[in-house]
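2 protein chains.
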Amino acid sequence: MLRSAPAQNQGLLSLKQGEAVLIVAASTIDSNLFYASSFLAGDPITYLQIGSKKMLLLPELELGRGREEASVDEVHSLLPWDQKIRKEKGRAPKLSEIQQVFLKEHNIERLIVPQNFPIGQADPLRDAGFEILVRKEPFFTDRAIKTDQEIENVARTQAITVEAMHHAIQLIAKASIQDDLLFLNGTPLLAEDVRLAIHRYLFDRGYHAENTIVAAGDQACDPHNRGSGHLPAHKPIVIDIFPRSLSTRYWGDMTRTILKGEASDEIISIYNDVLEAQKIALSHLKAGVDGSEVHGKVKEYFTSQGRITQERNGKMEGFFHSTGHGLGLDIHEHPKIGRARSPLEAGNTVTSEPGLYYPGIGGVRLEDTVLITEGGHRNLTDYPNELIV
Amino acid sequence: MLRSAPAQNQGLLSLKQGEAVLIVAASTIDSNLFYASSFLAGDPITYLQIGSKKMLLLPELELGRGREEASVDEVHSLLPWDQKIRKEKGRAPKLSEIQQVFLKEHNIERLIVPQNFPIGQADPLRDAGFEILVRKEPFFTDRAIKTDQEIENVARTQAITVEAMHHAIQLIAKASIQDDLLFLNGTPLLAEDVRLAIHRYLFDRGYHAENTIVAAGDQACDPHNRGSGHLPAHKPIVIDIFPRSLSTRYWGDMTRTILKGEASDEIISIYNDVLEAQKIALSHLKAGVDGSEVHGKVKEYFTSQGRITQERNGKMEGFFHSTGHGLGLDIHEHPKIGRARSPLEAGNTVTSEPGLYYPGIGGVRLEDTVLITEGGHRNLTDYPNELIV
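Chains as they are written, first to last, in the numbering used here: chain G, 1300 to 1688; chain Z, 1300 to 1688.
Rather than coming from a laboratory, the hints here were simulated on the basis of the structure.
On a predicted model such as this, the values are computed, not experimentally measured, just so you know.
Among the hints, erroneous ones may be present.
Any copy, or any two copies together, can satisfy a pair, since identical chains are not distinguished.
Claimed, not checked - No more than 20 angstroms apart at the CA atoms, straight line, and that leaves these computed lysine to aspartate or glutamate pairs for EDC-like: (1) K1435 / D1422; (2) K1435 / D1342; (3) K1585 / D1447; (4) K1386 / E1644; (5) K1585 / D1441; (6) K1393 / E1592; (7) K1614 / E1359; (8) K1473 / E1462; (9) K1614 / D1372; (10) K1614 / E1367; (11) K1614 / E1373; (12) K1393 / D1589; (13) K1598 / E1359; (14) K1393 / E1436; (15) K1435 / E1396; (16) K1614 / D1381.
With the rest of the complex left out, here is chain G (with noise of 0.2 angstroms):
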């Protein structure tokens, strides 16, 4: 399969003289150091920059591969450190001691690393005199704005998702009800058959999604349930799909919610008013606006209209997550569109979705990826909100 190759100079920070970056992790979880190596490693692995120069210190297992795949500009082996350290010490290194010898040969004093950096490896770094400056995200500041590439990447993901919606909504729409009840070829329709049809699709193509979330009724009033057992007519459905490209490594994310029957007076309020909302989000997503700003409009419109969040019996009531997230290597990444101060800008892809949820009655949320532009914004996401199938 084929795999983005970024930019050599992608993820390189301004460092002043003795100061390195260090960001110690897996790449396969770690979407900062998979950016900065392109080098895909399950086990912790050691990056660092130093001057303008990336490196990756591998262990002799991954040595061969670190050589031929990284996008760095040098490749060392942990081995004759280990050896070296070995020699003196009369026992095994550990990694964070041979970290500490290649730093002192580069007369390294500060390391900066991103916040997700572990304290068993920050510790001794600490103890042995380094100084550790805890970076904020964005870590790498170019991440959040999205190259040519990485649009593209992002484009092609989310195609992809609205295919597999379109595929899970005609099992849906083709459904027959009985006993308010939904029955595909005479047997029951069930959350599990609609997600796995829409991972098999997935699959199919290149594309891994895991917790894809089908849920009716009660269940999708929590917006992270997955939802289970038999769909029934007559109540709201909402899919969110959200896949990850296994060549770019890219997410997409788009939610719908659909009934299959007769909508009751109160759902299609809800459901105005959350596809209002979205308008009103969507049209203040543009480059120099704060992603408090438009989360603070959608919740300001959802007030105007009697919409009260509040804690219920034991469950949330209203509008209670954010309305977007940054989308990239990460499903959830910079900027935020919620309570906190977060600016748009130009090349920032990012969701918008509002969502209401009625224990009792029912949650509707609706979800499109959008690249922010100078001007506004380009819908990644060409599929229409119809409620009814």
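Go by the hints and put chain Z onto chain G.
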């Protein structure tokens, strides 16, 4: 899908007055948190043990689901603490501020955290006067000693892994040879085809594998190279399959090396040495032995056969990875069977995977997953080792 429900007291640590366990992580990637809470969340959540009570602090978004699914004693909403601090300070509090207020109200002074605890969370807690004790892995001692249910989970994943391996080997066995390359039904048989067939087999049964290795010739000499392109005849093909169950979340892991066509004497000799090394490793695996002793026996045997491990022309050759690793909720977890000391105990589930790699000739690795018992081990990998297919 069914999700295994660990016992309510899974992951309980013995604490002194004023101490608490603290984990802040996304349980989709942090298995300690999932082990203790049975709660799957894709964004960082706060886990605490205070006294003998396990607790989660959750955002409104996760509250309803947490109360239903988590195997903890108390689920608290962040909301009232958020509102309380917001009233006092006139701004939205950070997660760390809420944690501090919660901990102080419970008279906690000392926090026990895992080695991967994020420094961006630890520093503010230290600044606020909390003492932080970093507890080494295995953070939860009992995580390395599998319960009957956990052994069943690993064994089940491993049984499906064996089936997927058989499926892959059958494909290669059925291939025909033309110009020293493999063809199936008249078309070139690619490493990618075999990998996709494995992934599809696993997908259809509720298992996910992503970086399955099907690597021949020189590709296999980088042990983590996934392999690509037209598969050759007369050369060893390393197949390493490590899927995760999407229901139980437990991993399996196995490797076979096969060859279609004629094996050279050199390849046969390498294969037989690895096979013998595997027998030696397995014969030493039992409770009370240290992993490093088993690794030492394998190294010793290879050395006795004249198998030197060294870097040559920028490539490693010989045996240059660990003999094995624990597996369970993580694909790599305690105990380790490598250079560092790591005692084996009854109830550990570990791999044994010696290998030899010679660029220009090829790589051979054989890997079983076994359960460590008092008197030896129970092999969970019911599949023969045969080079020629």
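Handout entry: Hints violated by the structure (listed by number, smallest first)
Key = 4
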